[in-house]
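A.B. asks: As a plain string of letters, each chain reads:
Protein chains: 2
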Amino acid sequence: MIPSIEWTAENKVKMIDQTVLPHKLEFLEFDDFRAVANSIKVMNIRGAPAIGVAAAMGMALATIEYKELGKENFLKKMENAANVIRMTRPTASNLFWAVDRVWKIIVSFPDNPSNLSELVIEEAKIMAQEDINVNKNIGKNGASLLKDGDVVLTHCNAGSLATVQYGTALAPVRAAIEAGKNISVIADETRPRLQGARLTAYELHYDNIPVKVISDTSSGLLMKLGKIDKVIVGTDRVTSDAVFNKIGTYLVALAAYDNKIPFYVAAPTSTLSLHETIKDVTIEQRDCSEVRNILGKVQIVPDGVECLNYAFDITPFRLVTGVITEDGVFTPEELLKKYKA
Amino acid sequence: MIPSIEWTAENKVKMIDQTVLPHKLEFLEFDDFRAVANSIKVMNIRGAPAIGVAAAMGMALATIEYKELGKENFLKKMENAANVIRMTRPTASNLFWAVDRVWKIIVSFPDNPSNLSELVIEEAKIMAQEDINVNKNIGKNGASLLKDGDVVLTHCNAGSLATVQYGTALAPVRAAIEAGKNISVIADETRPRLQGARLTAYELHYDNIPVKVISDTSSGLLMKLGKIDKVIVGTDRVTSDAVFNKIGTYLVALAAYDNKIPFYVAAPTSTLSLHETIKDVTIEQRDCSEVRNILGKVQIVPDGVECLNYAFDITPFRLVTGVITEDGVFTPEELLKKYKA
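So the sequence lines, in the order shown, correspond to chains F and W.
1 is the number of the first residue of the first sequence in the numbering used here; add one for each residue after it.
1001 is the number of the first residue of the second sequence in the numbering used here; add one for each residue after it.
Bound conformation, chain F alone (with noise of 0.2 angstroms):
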């Protein structure tokens, strides 16, 4: 396991390059939030606890280069700076969050800025601690679910490449085959960014864990043909009433629900948006592009022919069995209890 994302001792934001996994292992390297901000654009960085520190860690590099000026200004700039990041990617919720998170900072300073880039840089490096911490609690609390000899199929990539390490709906696999149990995972190829095909089977192969990939269609053949046990998937928001996820999701769940197989969401708190329903989501489009040619390289669509794209799918949770949280297991009536104010 290496680390998605780090704050390099240069004041340097570095990545892994997810776009080329998993055929070369590459790392980038930024001090412009702007490129930051193209990164988690373009999908270099991906997953939601991921870009939440990679959006923290953006405001910070838009700290320093702002710090030679006055207030009003700094601040102008740093609102600009956090509407840049915002606006990547629409539907991740604890990319606001990260973004809110550090704000609170910025904004609670009392005059000038020259030393606060100290104090937000340190806020995006305990956030990064804070998403192995929080990982590594739902990796125990999910470890409970799992029985020896399980298999789990898992939608997109929400391992350790989809935040700082360890994972979310990964997490649960690592911890429990760490208490000696057998488990192993199915990995949907997840169209059109293929982030299961390429991430969750280099991650998990990297580490020595079973995975076989299948197609996006074959979840439901596989689940009836009883070669599935488990389905645990991660989040990119949880509203009062849905889970949002990677387009896919919505369709695993409906097959797990219609064969029995318990559906488990792993969801870092920082994920939940409970005041929000279904409604109050825009669901990212995206472009065409990347249905028609795969990964830039293969075109499957003949020339002259649209396509739709949208990036993530609504899961309602009525076909949700639990939520895992860094605190612990919730079924979504539990959840709503705990954690809406």
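Errors might be hidden in some of the hints.
To be verified - When the alpha-carbon atoms are kept at most 30 angstroms apart in a straight line, the in silico BS3-like pairs for lysine-lysine are as follows:
| no. | chain 1 | residue 1 | chain 2 | residue 2 |
| --- | --- | --- | --- | --- |
| 1 | F | K224 | W | K1041 |
| 2 | W | K1227 | F | K279 |
| 3 | F | K77 | F | K125 |
| 4 | W | K1224 | F | K337 |
| 5 | W | K1041 | F | K227 |
Claimed, not checked - Simulated restraints, written as ranges between beta carbons of each label pair:
| no. | chain 1 | residue 1 | chain 2 | residue 2 | range |
| --- | --- | --- | --- | --- | --- |
| 6 | W | D1287 | F | E26 | 27 to 33 angstroms |
| 7 | W | T1008 | F | E26 | 50 to 56 angstroms |
| 8 | F | L225 | W | G1070 | 44 to 50 angstroms |
| 9 | F | P316 | W | E1130 | 43 to 49 angstroms |
| 10 | F | E333 | W | G1149 | 38 to 44 angstroms |
The set of hints was computed from the structure by calculation and includes no laboratory data.
Just so it is clear, CB atoms sit at the ideal spot from N, CA and C, and this is done for glycine as well.
For this one, chain F is given, so just place chain W on it according to the hints.
C.D. replies: Okay, now just chain W, sitting in the frame of chain F:
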């Protein structure tokens, strides 16, 4: 619309090479039944009705090859040819149906086989023409289900390219448009072989019928957003309890059911196998390279990671609104009443 397969004046089998679509429109010609069998196996030709006709034409080529043999040897060789053809795609019901239909002529023929090939060639040509007629009737029957302005989701390709001509699942769309209705199609790309993106999009665009392509992960969300009015898919085999069709069909049916969207199956009676149940059917497992390497061009799964590749899906009757045959539209119960002896 170009016929996907035909018997030429030179006694050859000519077919569109569907593996190179949508980039190139190329034709293959065979005078050896083994080559025809191989073309079914590697999916130069695919789609239940089309491979039924290809099987019959393959048998016709075999009768030409063996026509100088005495009756006993001839029958032995023909039996072998029939098996070679049957084994190419074990889930397709009308592959068996087509071979059996030709076989009845072969065994009923009184003495020497030299004139028999004429009869078998004639039968194969009749089957090709019958396929077109059946599809036109499916179109007429199915068109009555479509309203002006409907958006129809289809999975895989059960269009003109999957038949000799006109298609099964796409026949109602074609017929409704011919009747003056505005109908548009959303095509699931249909991993792993991408028949939806490559073939359905190609043939509809070729015929100026509006079509958009989505990843297989998207159908559920689009239904939730109200962007799909009807689903029509083809089938490879209908048993007394389920529809067997391309992997992914079951997920589409679950989503349609959950969103109260009618789910129709276009099924020529040659695909009906109502004496069987789910338990009797072997689901073809194809080579994992189809998942690992997209169209043999882009490796998406890391080295050392396995894949699973089941080719067909099981959609239970409870999820099926109606079955469209050349005789009419039937609920599953009505279908059993009408066709189950």
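A.B. asks: Each of the hints needs a verdict: does it hold here or not?
C.D. replies: Results of checking the hints against the structure:
| no. | hint | verdict |
| --- | --- | --- |
| 1 | K224/F to K1041/W | 26 angstroms, holds |
| 2 | K1227/W to K279/F | 16 angstroms, holds |
| 3 | K77/F to K125/F | 22 angstroms, holds |
| 4 | K1224/W to K337/F | 27 angstroms, holds |
| 5 | K1041/W to K227/F | 26 angstroms, holds |
| 6 | D1287/W to E26/F: 27 to 33 angstroms | 31 angstroms, holds |
| 7 | T1008/W to E26/F: 50 to 56 angstroms | 54 angstroms, holds |
| 8 | L225/F to G1070/W: 44 to 50 angstroms | 47 angstroms, holds |
| 9 | P316/F to E1130/W: 43 to 49 angstroms | 46 angstroms, holds |
| 10 | E333/F to G1149/W: 38 to 44 angstroms | 40 angstroms, holds |
Violated hints for the displayed structure: none, as all numbered hints are satisfied.
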